[in-house]
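Undergrad: Can you build the whole structure from these sequences, using the hints too?
Offset between the sequence shown (1-based) and our numbering: plus 1.
Simulated from the structure, these hints should not be mistaken for lab results. Here a beta-carbon is modelled for each residue, glycine too, at the ideal position from N, C-alpha and C. Among these hints, one or two may not hold up.
[Claimed, not checked] Label pairs and their in silico Cβ distance ranges: (1) Ala70 - Pro32: 17 to 25 Å; (2) Thr41 - Glu14: 27 to 35 Å; (3) Gln40 - Glu14: 28 to 36 Å; (4) Val17 - Met69: 13 to 21 Å; (5) Thr34 - Glu14: 27 to 35 Å; (6) Thr48 - Met69: 15 to 23 Å; (7) Gln43 - Thr20: 15 to 23 Å.
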Amino acid sequence: MSAGTKSAAVRMELPVMLTSYEVARVLQVSPSTLCRWRQTGQGPRVTWLTPNCPRYAKDDVDAWLARMAA
Numbered sequence: 002m003s004a005g006t007k008s009a010a011v012r013m014e015l016p017v018m019l020t021s022y023e024v025a026r027v028l029q030v031s032p033s034t035l036c037r038w039r040q041t042g043q044g045p046r047v048t049w050l051t052p053n054c055p056r057y058a059k060d061d062v063d064a065w066l067a068r069m070a071a
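TA: Shown next as structure tokens:
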């Protein structure tokens, strides 16, 4: 396996990460609502890349939506 092929395989395994604005748009809420949910432990699971850079795995957002619909 060449180095290019190996790195491509690794990238395919990484989760799709969404910004707060992307998640807010998908959930049809304001970014401030999503921020409030984040601060109170509600809403989809968040991953902090840096102290000012929250990201949401698409799979976590999908799972949260499924739980809310149940």
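Undergrad: Could you work out which of the previously given hints the structure breaks and list their numbers from low to high?
TA: Of the numbered hints, all hold.
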